[in-house]
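Read off the chains here:
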Amino acid sequence: MKAIEFKNVSFSYGSGTFALKNIDFAVEEGEFVAVLGHNGSGKSTLARLSNGLLEADGGEVCVFGLPVSERKNLFEIRKNVGIVFQNPDNQMVASIVEDDIAFGAENIGVPREEIGERISFALGAVGMEEYRHATPTRLSGGQKQRIAIAGVLAIRPKVMILDESTAMLDPRGRREVMQVVSRLNKEEGMTVVLITHFMEEALMADRAVVMNRGAIVMEGAPAEIFERHEELETYNLALPRIGYICNRLREGGMAVEDTLDVNKLAEEIAQCVSKRNI
Amino acid sequence: MRIKAEHLSYVYNASSPFATHALNDISLTIEEGEFFGILGHTGSGKSTFVQHLNGLLRVPSSLKKYKPKKLKKGETPPPPTVLQVGAFDLTDKKTDFRELRSRVGMVFQYPEYQLFAETVAQDVAFGLKNFSKEKLTDEAVEKAVRAALEVVGLSYDELKDTSPFDLSGGQKRRVAIAGVIVTRPDVLVLDEPAAGLDPLGKREIMQLLHRLHEEWCKTVVIVSHDMDEIAENCTRAAVFSEGTVKFVLPPSELFRHSEELIALGLDIPLTAKLCLALEKRGVTVDCDFTTEDFIRRTLALNA
Amino acid sequence: MLKDVTFGQYYPVQSFVHRMDPRLKIVFLIAFIAAIFLAKNFYGLAACAFVFLLALAFSGVPVRKVLRSVKGILFILLFTTILNALFYNGETVYWSWWIIRITKEGLIFTAFLLVRLFLLVMCSSLLTYTTTPVALTDGIESLLTPLKWIRFPVHELALIMSIALRFIPILMDETERIMNAQKARGADFETGGLAKRVRAIVPILIPLLLSAFRCADELGDAMEARCYMGSKNRTKYKKLRFGWRDLIGFLLIAALVTGVVLMGIYLGAVI
Chain H
1 MKAIEFKNVS
11 FSYGSGTFAL
21 KNIDFAVEEG
31 EFVAVLGHNG
41 SGKSTLARLS
51 NGLLEADGGE
61 VCVFGLPVSE
71 RKNLFEIRKN
81 VGIVFQNPDN
91 QMVASIVEDD
101 IAFGAENIGV
111 PREEIGERIS
121 FALGAVGMEE
131 YRHATPTRLS
141 GGQKQRIAIA
151 GVLAIRPKVM
161 ILDESTAMLD
171 PRGRREVMQV
181 VSRLNKEEGM
191 TVVLITHFME
201 EALMADRAVV
211 MNRGAIVMEG
221 APAEIFERHE
231 ELETYNLALP
241 RIGYICNRLR
251 EGGMAVEDTL
261 DVNKLAEEIA
271 QCVSKRNI
Chain U
1 MRIKAEHLSY
11 VYNASSPFAT
21 HALNDISLTI
31 EEGEFFGILG
41 HTGSGKSTFV
51 QHLNGLLRVP
61 SSLKKYKPKK
71 LKKGETPPPP
81 TVLQVGAFDL
91 TDKKTDFREL
101 RSRVGMVFQY
111 PEYQLFAETV
121 AQDVAFGLKN
131 FSKEKLTDEA
141 VEKAVRAALE
151 VVGLSYDELK
161 DTSPFDLSGG
171 QKRRVAIAGV
181 IVTRPDVLVL
191 DEPAAGLDPL
201 GKREIMQLLH
211 RLHEEWCKTV
221 VIVSHDMDEI
231 AENCTRAAVF
241 SEGTVKFVLP
251 PSELFRHSEE
261 LIALGLDIPL
271 TAKLCLALEK
281 RGVTVDCDFT
291 TEDFIRRTLA
301 LNA
Chain F
1 MLKDVTFGQY
11 YPVQSFVHRM
21 DPRLKIVFLI
31 AFIAAIFLAK
41 NFYGLAACAF
51 VFLLALAFSG
61 VPVRKVLRSV
71 KGILFILLFT
81 TILNALFYNG
91 ETVYWSWWII
101 RITKEGLIFT
111 AFLLVRLFLL
121 VMCSSLLTYT
131 TTPVALTDGI
141 ESLLTPLKWI
151 RFPVHELALI
161 MSIALRFIPI
171 LMDETERIMN
181 AQKARGADFE
191 TGGLAKRVRA
201 IVPILIPLLL
211 SAFRCADELG
221 DAMEARCYMG
231 SKNRTKYKKL
241 RFGWRDLIGF
251 LLIAALVTGV
261 VLMGIYLGAV
271 I
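Residue numbers (the numbering used here), protein chains in the order written: chain H, 1 to 278; chain U, 1 to 303; chain F, 1 to 271.
Calculated directly from the structure, the hints in this document are not laboratory data.
Certain hints may be false.
Unchecked claim - Think about it this way: if two alpha-carbon atoms lie no more than 27 Å apart in a straight line, the pair counts; the simulated DSS-like pairs of lysine-lysine are:
hint : chain 1 : residue 1 : chain 2 : residue 2
1    : F       : Lys239    : H       : Lys79
2    : F       : Lys236    : H       : Lys79
3    : H       : Lys72     : F       : Lys236
4    : F       : Lys65     : U       : Lys65
5    : H       : Lys72     : H       : Lys2
6    : U       : Lys133    : F       : Lys196
7    : H       : Lys186    : H       : Lys2
8    : F       : Lys238    : H       : Lys79
9    : U       : Lys64     : U       : Lys93
10   : U       : Lys4      : U       : Lys69
11   : U       : Lys94     : F       : Lys196
12   : U       : Lys280    : H       : Lys275
13   : U       : Lys135    : F       : Lys196
14   : U       : Lys280    : H       : Lys264
15   : U       : Lys160    : F       : Lys196
16   : H       : Lys275    : U       : Lys273
17   : H       : Lys264    : U       : Lys273
18   : F       : Lys232    : H       : Lys158
19   : U       : Lys65     : F       : Lys71
20   : U       : Lys93     : F       : Lys196
21   : F       : Lys196    : U       : Lys64
From just these sequences and the hints, can you work out the full model?
Following this line, the structure appears as structure tokens:
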């Protein structure tokens, strides 16, 4: 079943230029899709259209078959599609972690006893059990984003959209969040849409989509997309440093394959070097 | 200007139960002309140190109300705190801290959020007018603002009357940097200058900092989490942890301590990760941890 | 660091008083204030003081902390003391000059008033020392619940208070950051006349307002995305529960109010 489906969708913020133009895009249930693009490519608009925070000007957006344009569907759709936003501070309503996580569950009318269970489950899923009674001001950026994820999990959605949720984090925080997201997809079967400008993160996805000027310009397995690095550069996306190193080594006559994995590249270099020395 | 700190300590909320030692007897010298990196986690003391450099935080002895502590009998006095930026003695009450601020420019994280004026030109001129002792002529202001905007890669004629809030994110950050360097400071300190930018934006900002280092400010100090940024760009870097300085080394030597850095919970640059992984497989790449040097030396092994 | 200044003045320890139900603590404070004003003689006030000292002893809050709360109104205290001592119309005159008359009744009345004010302020501060702002908000919401019958937006009010509590430290932090950034650009907030100082606020105020709007905008989106649609069909996770501590508190306060009223009737009135 298609979790999210965009049929010929266009959207404009009203200044005449299109933020999205005739987009066709679908996410299957259980899939992990990465949406890549530089700032202003339209990728965040995609997230807001998916749960009715914005309404399409043309075409149709459906979530599990329900059209987002019908107001009566909105509640049902938002229960199924959770979004984690960019700024860790600006998406928490309460001053105590467990109260914040409870917020979504309270909104959809979960009985009180069950909310407690859901909080435990959600905190467990993001590895933050011991922070249940903490105040968010004392947490690191990565921890705050994990709490934001837990807040979404407490609603038990089928789809989670991460709208540049790692952009403001340091490398450690980014790693923490990506581990949680990847585990949710693999072990809990959560459908994930990861919107990012870090290509390394896109590697964890089943499929990657590249956006430029409101249109989808590339689509495929992440590894395939990274092989087309010249094309990526035209969309203002820089190849991860490791990809650049692979390319340069190959240009210099070393037989290494394209990879974004440190150990794999080290293995290949070691093999090349040892062949030379025999 | 040379930056020299010795026995520098700083305590937040000194007289309350929440007292925290943000800096604990650190010593660190940054030479004139360096492109210096400061590393460490949030709370490691790096921001506290950096905010001393232009007097946003003060050594107690430089405050008007400071009275030296009386020593008990038999107590040896603690070693004296030294904090100098060029000729400015930051431990002295008589130091002109305003003058210091105009010589040490400071760009905070997400500097675009401090823009406020109606036009780009007005915003950039803000610091210039604040610091100048006599009233500047319109021509002098225009000249300085034009130069500052142009060195950060923006056109004065196109943007001078634009509202800073109508610019793109990358442009806003450039305008904010122009607003700091417009006084031509000798030292430029930047806290996470590339935070939140996409990879291309990051690359452009780092290029800009190199241009500033060459043409505009003699010494550049960046605070960063991004080890690749440090490895590629810095002459030397200091690693802060729990209020102390653990290492002060050029990147080519610093990242030979990769295991210790990882133990401190810090990241290491990609080149260092590759070197470690290769080392395990019996291959030694003796590089200075810049990408180019790594590639060159790896290819040399293959030749 | 501004964010370390806790909003309010919560003193973080675990004590008997800390663990009491916030709703009851608010009610107790109101009852206690009532008792202070019902007290007509020093016996009544002594009873109030005794209850207050008992509460203080079981609160784990240092005495100097509570005393410090009086500092804020020291000027008012001094002012009323002097005024009352000098101008009260009593019969037993100790000393008089022009319109000034120091009388026995005046001195007694002043002492009475002082004790009342001290108790009032110290007891109110004890509530904020032992109850987190969040718990206070919950308590107020719960106490106001009957007002829902007259369509008073109790839930919305409580949500606004709780969001305000959440964002005050964030905006304080932001203010500090913006101030530092503008100081680094030579802004001067400390010197100059009123007009200059007001003008100096602009470079802080505008970025701060923009920041607050951005916060509000993003928070609104995040709340909507988490299915917020007002109080309809909403459940509540935290429910306040009375415990044995609350029962003890209740008995004590009830005894105090009754005692004070009885003492007022049978032991004569000072005022």
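Looking back at the hints listed earlier, which ones does the structure fail to meet? Going through the list in order, the structure violates no hint and respects every one.
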